[in-house]
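Colleague: What follows is the residue order along each chain.
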Amino acid sequence: MERVEKLAEQIFEDYKDYGVDRKEIVEKLRKLLIEFRVPENEALRTIRNYIIREYGAPATIRREKITKIEEIKEPNKWVTVKAKAIQLWESSSPSIAQVGLIGDETGYIRFLVWTKAKKPPVEEGKSYIFRNVVVDDFGGVLRLNVTKISEIEEIDEDIKVKPPEDVSEEVEVVGALVAIQQNSGLIQRCGVEGCNRVIKMGKCPEHGKTKPNDDLRIKGVLDDGYRTYEVIINEEGVKALTDIDLEKAKKIAEETLDRNAVLIELKKMLLGKYLRVVGTATPRYLIARHVELFRPDIRKEIEKVRTLLEEV
Amino acid sequence: MTTVFLKREVARRVFAKELVSSTYTIRDESEKSPLYVLTPLGLKCNRVFIIGVLTEKEERGEDGNIYRIRVIDQTGSFIGYVGKYQPEAYEALEDIDTLTLVALTAKVRVFEGETGKFVTLRPETISIADPESRDYWVMETAVQTLERIREMEKGESETAKLAMEVYNTNLEEYKRVVKEAVERVMEDYGEFDVEEEMLEEEEDEELELDEDEDLSFEEEEIDLTELLKD
Numbered sequence: 001m002e003r004v005e006k007l008a009e010q011i012f013e014d015y016k017d018y019g020v021d022r023k024e025i026v027e028k029l030r031k032l033l034i035e036f037r038v039p040e041n042e043a044l045r046t047i048r049n050y051i052i053r054e055y056g057a058p059a060t061i062r063r064e065k066i067t068k069i070e071e072i073k074e075p076n077k078w079v080t081v082k083a084k085a086i087q088l089w090e091s092s093s094p095s096i097a098q099v100g101l102i103g104d105e106t107g108y109i110r111f112l113v114w115t116k117a118k119k120p121p122v123e124e125g126k127s128y129i130f131r132n133v134v135v136d137d138f139g140g141v142l143r144l145n146v147t148k149i150s151e152i153e154e155i156d157e158d159i160k161v162k163p164p165e166d167v168s169e170e171v172e173v174v175g176a177l178v179a180i181q182q183n184s185g186l187i188q189r190c191g192v193e194g195c196n197r198v199i200k201m202g203k204c205p206e207h208g209k210t211k212p213n214d215d216l217r218i219k220g221v222l223d224d225g226y227r228t229y230e231v232i233i234n235e236e237g238v239k240a241l242t243d244i245d246l247e248k249a250k251k252i253a254e255e256t257l258d259r260n261a262v263l264i265e266l267k268k269m270l271l272g273k274y275l276r277v278v279g280t281a282t283p284r285y286l287i288a289r290h291v292e293l294f295r296p297d298i299r300k301e302i303e304k305v306r307t308l309l310e311e312v
Numbered sequence: 001m002t003t004v005f006l007k008r009e010v011a012r013r014v015f016a017k018e019l020v021s022s023t024y025t026i027r028d029e030s031e032k033s034p035l036y037v038l039t040p041l042g043l044k045c046n047r048v049f050i051i052g053v054l055t056e057k058e059e060r061g062e063d064g065n066i067y068r069i070r071v072i073d074q075t076g077s078f079i080g081y082v083g084k085y086q087p088e089a090y091e092a093l094e095d096i097d098t099l100t101l102v103a104l105t106a107k108v109r110v111f112e113g114e115t116g117k118f119v120t121l122r123p124e125t126i127s128i129a130d131p132e133s134r135d136y137w138v139m140e141t142a143v144q145t146l147e148r149i150r151e152m153e154k155g156e157s158e159t160a161k162l163a164m165e166v167y168n169t170n171l172e173e174y175k176r177v178v179k180e181a182v183e184r185v186m187e188d189y190g191e192f193d194v195e196e197e198m199l200e201e202e203e204d205e206e207l208e209l210d211e212d213e214d215l216s217f218e219e220e221e222i223d224l225t226e227l228l229k230d
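As they're listed, the protein sequences go chains A and B. So that you can map any letter, position 117 of the first sequence is 117 in my numbering, and since no number is skipped, the others follow by simple counting. So that you can map any letter, position 85 of the second sequence is 85 in my numbering, and since no number is skipped, the others follow by simple counting.
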């Protein structure tokens, strides 16, 4: 009896998209196996043929194994994943049509679509099945490669992705600080225990008017010419870069009677500077753990250029 | 809540020679696509990050409330317009004298004049830069330019094919420009361990250069940066 249920389930899984009735399959199978005592493979074939005839299902069913993103741990494996396109980035090279981040309920992974694959573009926020994509290792980061033999099928299902705060990776980035956002400098945070949200227009978005605490931070954009990172630098980082700590920042604000003067000063000192940031990258932010003004080794860079010059 | 984030255009690293030679503009298929300039090396570019020398800063416009600036790099010059609608860049620029090394982040604009299209910049940020950062900028821009040249040689990507069709790009010329830009920086780092062969090649290149009218102008301008170092 259990065996009947199990076999019926298998068939149902294969053909459920064609509107077959689970009960009908169980009954037919039971009849064949228990009443008529036919061999299992004959019984299965009979039912499959019946479904193909009655429901117009294709003669061969592709049984696909969907891999969860958290299960992808090593390169050179071919997988099929069901995931949502979270974010698309600028392609760093004309041979790459699209590059970005996809996610499912278990995690996130980078993906890239080679121009040669000639696939219709993936759109942010939509869900897809990525069939026959190959995992590679790019500087320690795993990526899914969509190649000519891969398939991308858009699906109606809205895949729930794991909250971005739960996913992170350690990275080192060297880039130019090309923007510092307005909510940087000497800011105020909500004083309610455990809240710490940034006060906007005198109010905490959660608790309204509260007794605020001062803080110093930079929220900016780091750009290496290939992609951008929204970087968050805390007081310690700001001090390492500019020698301005929270006390000094408060003093600047008091002397100028303008809290904004701190932001202006930080912009003057840091915009257009190359920074080296070591920190935690979430899909949204790069949170700096260590930050410094980048001291380039120009000789090393010259070597890099020379190697490339020989190649082209 | 949908987990989708805003995309910011990357600030490309492009030498003046490549950017100001661009005349062709494209948009992506999506409706909200910004306007990109397609460079002769197949780069789609909407924003740039540049480090160079501010050599001109003139007040323009009816009320004199627009600055026209010229910033030169190792290969040529960029023209930019900074108005009060970009208050951050405008205010910063007021305090910066000409003949100063500057770093700027700028949007790329294409103007259609009577004699044809030309590229200008609309700076978003401008700040004083140091020679070391300038050298690094030259190197990373060289690397990224060479990567584009390699893609052009392969000729596989759509943008590379389109760029070749539009500009019939002379890749050798761009290789030479990159090489010269890098060599100028190398001089400061006493690159004595270069192979002899390469040195000879470099000398040949320099001789050729002197006869090159297109570049002689920039050569003069470059001397200004040398003055700055003292």
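Simulated from the structure, these hints should not be mistaken for lab results. Where hints are given, some of them may not hold.
[Claimed, not checked] With a straight-line cut-off of 30 Å between C-alpha atoms, the simulated DSSO-like cross-links for lysine-lysine are:
no. : chain 1 : residue 1 : chain 2 : residue 2
1   : B       : Lys-84    : A       : Lys-304
2   : B       : Lys-57    : A       : Lys-304
3   : B       : Lys-84    : A       : Lys-273
4   : A       : Lys-273   : B       : Lys-161
5   : A       : Lys-200   : B       : Lys-107
6   : A       : Lys-219   : B       : Lys-179
Colleague: Determine for every hint whether it applies to the structure shown.
Modeller: The hints, checked one at a time:
With a C-alpha separation of about 41 Å, the suggested pairing of Lys-84/B with Lys-304/A is violated against the 30 Å cut-off. With a CA separation close to 35 Å, the supplied pair Lys-57/B and Lys-304/A exceeds the 30 Å bound. Between Lys-84/B and Lys-273/A, the direct Cα distance comes to roughly 23 Å. Compliance with the 30 Å bound is thereby established for this hinted pair. This hinted pair does not check out: Lys-273/A and Lys-161/B have alpha carbons roughly 35 Å apart, beyond 30 Å.
Restraint check for Lys-200/A and Lys-107/B: the C-alpha separation of about 29 Å stays at or below 30 Å, so the hint holds. Under the criterion of a C-alpha separation no larger than 30 Å, the hint pairing Lys-219/A with Lys-179/B is inconsistent with the structure, at around 37 Å.
Violated hints for the displayed structure, listed by number in ascending order: 1, 2, 4, 6.
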